[in-house]
Amino acid sequence: MSYSPFASLRIRTTIVLTAIFTAMGLACVLMAGLIISDRVDGFERELAAANARRARNALQQDMNRIDALLKDWAWWDDTYAFMHEPTEEYVASNVTPDVFRNQRLNAMIFVSVSGEILHASFKDSENGEFGAPVPGLIRYVQEAVRMEAAGRGSGGGTAVAQIDGKLWIAGSKTVLTSQESGPSRGWLWMIQEIDTPYMLELKRRTELDLGLMVASERALPEAMRPLHGAAEAFDKAVVVPERTRIWSGLLIPDAAGGEPIAIIANAPRELAVYVSSAMRNSLAVVIFFGVVGFFAGLFFLDKSILSRLADLRSRLVRDAPDAQICALDASCDEIDQLSMITDAAFRSVRENERFLAEVLAVLKVGVMLIRKRDKVIVIANRYACELLGKTEEEVLGRSCHKFVCPTESGKCPVIDLGQVCDNSRRVLIGRGGERIDILKSATTVTRSDEEYLLETFLDIREMEQTRRLLEQSEARYRAIFMNTGTPGILINDDTTIAVANTEFLHLVGATEEDVAAHPSWMRFFVEEDARRMLNYHVRRRESEDSAPRSYEARLVDASGGMHFVRVTVALIPRTKQSIAFFLDITDMRRAEAKLQELAYTDALTGLPNRLCALDRLSRTLESLRPHSGSLAVLLLDLDDFKIVNDSWGHAAGDVVLMEVGQRLASVLTTSEMVGRLGGDEFIIVSAVGAGEEDWADLARRLIETLSKPFHLEDSEIHLGVSVGIAVFPRDGETAGQLVRCADLAMYHSKSAGKSMFQFHSPELTLHVQQRMEIERELRLALDAGEIEAFYQPIIDLESGRIVGAEALARWRKPDGTLIPPAAFIPVAEQTNLITDIDLVVLSQACRQARFWSDEGHGDLRVSCNISARHFQRGNLLSEVRRILGASGLPAVRLTLEVTETVYMENIEQARTILDSLRGLGVSTALDDFGTGYSSLSYVRSLHFDVLKIDRAFVKNLPDESSLALVRAMLGIADSLGITPLAEGMENTGQFDLLKSLGCQLGQGYLFSPPVPADTFVGLLARQAPTD
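The opening position of the sequence shown corresponds to residue 389 in our numbering, with each subsequent residue numbered one higher.
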């Protein structure tokens, strides 16, 4: 037999592997050349373009910096004034070398509207000297100003310009006020030279090799010549790659009208060189490992498959008959030959397939093959032997009566009696006589004309045990279900009730006969809920997760009573039935309704509480919005209600509040609503559609009814009410907005006096916003040290000499502007910042008084005002002790001035603190005496050292009534041993009169207004020296 050399599987495999590896190598080369190189080149181009844009952005950042600086300078009141009337003071204070150095500027030029150069400063970049700008800059600025005046300019801004062969960043802004209002008084120019240090800094910031030049063909590098005349380069970078470097550039216009300015960046092509080298190395590695893999694969294939196939073929050819290989021809390879030879072997196997298939089909159970004629076991599989507890040798050749049948002899029920045994429950005798429950089948089979009985059996001991447990479980769970204490039913697929427990029957008032008729469970529910539950019923059987497992419904019992129930439903696994349990939550719902009522009702007055009132208002506003109706929200706050609580107790206050609620309700109509917001605040929502006069009339009626006396413990008390009114939609469109606006109006009316009403206006909101802005700025001023002590001299009226000074707070802003006390002291009082201001002034005054003493100006006393809030905080004594210790001022030279509000709130606390201060040696003065309650018992018990007569009494002297009051006050001071001091003295007539009346001290504009410390020293210096 001859074979073709190409029929060999080894040769064909070698040829195929060679072709595959060759194709893979070529594919690698093509991929590297066509894909990777192109992508690397594109990436480098994008990176180069990005570098050019980054350089332009860095330049633009400097232009933006100069533009921002121009806004700060040009839109400034000082610059605006300078442009109107140039002064050397402005130049000396602002146009300084530090400005040029810090802002990196070379020139600042101020140009009037007419084009006149008002001032020009220039710093030479080379030697750092200051002088006049170069003529080219002046010409450029004047030409730009003329174009602006002619309406052909750009309106100001920052740009790059080529002037006298150099590049400059030049920017200008029209000069306006700090509020950016006009008219314009000219232009301010700021110019920075683009010199070598600037380019070095730009390179450092961008980490690029940059160039900035005129885009002329002569000036551009050879590689970037395409940039010349390239109009698209203003928006898109021009990229020029070379073998080892890559160039990119952009154009920006020349503000001076010359050729464009080029921004050029270049970088080495490190990535391309690296990728080219990596591709060559990778290709060499691929070729090397490809060759190694080729021979290794060929060697493995030969050893693992080809050699073994050749050996197997040789053995089969040797053992097979010649007739079986005669059909082989020269084109057959080793596998074809094996296929032909093995076909013959399989033909003999197929003769036994029918018999083996019948036996193998039942191998998962015990199998025995019994010869019918002698009932001897000829075959028993391993599973059968394990059930019998015997080995195969102990079972084969034995009679089946010893194993399969309970008796050792007798007739076989199947063979002898002809009984049918198909999946019948039988007993198998195991080891030690154990009786094993089995499910048995017996079938007669024939082999070689011999009949056999094929018996199969399955161990069903666990199944039998499970069946018995299931019967017990069913009985147990039925008992639990029927006696669980929770109403429950078993529901069929068609919604009928299969089983209902006793609790369910009690819940619905039905009998067992009613449920035995299998009614639908939907009949026991409100129709609306029943439709929803039927939908859940259907969806649950499509997908159990598509319907809620628990929900609430309304159940109607046989007597018509309604129950709120929580239904919990679940499908019984692998069935269409479901089980439902019902929790009666009727009592809980009633309790919730009661809680809801309590949550929305004021427990004291029975009126709607804050939550309810605002909710009703919001719903009313929602209904009004589509129809553009109007209504008013009135906010009421009782006047002097705190006196009731403090004098009669909170129980009496509650009685008053209840009567207030009744009175308010009696005034209102059914279309109006009243509620209590809390404390002594009430809210009233008017009827829809009324007008402003109607709301004002309602406010008057409310004030009138609450102005009537209240009777408490045989006493009559008179309260008032302050009313604020906000109108929808004028003052707001939400409940929160209207309540806030009404609250503002109410507090405004309260400040105007008792029993007043006030409509909200935008001015009130503006006032609040201004107060908040003052508060914010005041906090910053305290942190920045802008609060300054001014000093008003205190004069000994007998000698006319300065014996002390009152320190008063003044707020000086960084620009030198003084904020009057009336603009910030009230805000400080309201926000508790007054305590910080007091301590700042006290600290400054103590240090200043000690300084004056050290400078030889005598032992002057210094007086400082102290707010009542210090007494509430309780730390005044420690703060005074700390400040005196830090300043070194003796305590006897310090006087603290307080007003009557200090002892009106807590007399005992005030007395304790004042006595402690007096123990330090600090004097105390009662300020503004006569303007408040002026209780003489308080004045006597608190032992003040100085009594300050308020300016309100001094200014009207010698008016008879004022004179009488002042004379009485001086008499009180004299009788109590207190030194009197008259404030607000403005003329010599007041001076002479008060001196003649025996007043010892005085202060006022007659002597001096409050002045800074250095000015006060001049007042001390002007008075005659003492002997």
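Derived by calculation from the structure, the hints in this document are not laboratory data.
Glycine included, each C-beta is placed from N, C-alpha and C at the ideal position.
Some clues are possibly wrong.
[Unchecked claim] The following label-pair restraints were derived from C-beta to C-beta distances:
(1) R534 <-> D460: 48 to 54 Å
(2) T1008 <-> R866: 20 to 26 Å
(3) I1031 <-> S1241: 45 to 51 Å
(4) W1036 <-> K1142: 43 to 49 Å
(5) P1400 <-> R998: 47 to 53 Å
Here is what the structure says about each hint:
At roughly 26 Å, the beta-carbon separation of R534 and D460 lies outside the given 48 to 54 Å, and the hint is violated. Take T1008 and R866: their Cβ atoms lie about 58 Å apart, and the range 20 to 26 Å is violated. Taking 45 to 51 Å as the suggested C-beta distance range, the pair I1031 and S1241 conforms, at roughly 48 Å. For the pair W1036 and K1142, the supplied restraint of 43 to 49 Å is violated, since their beta-carbon distance comes to about 19 Å.
Between P1400 and R998 the CB atoms are about 51 Å apart, so this pair conforms to the stated range of 47 to 53 Å.
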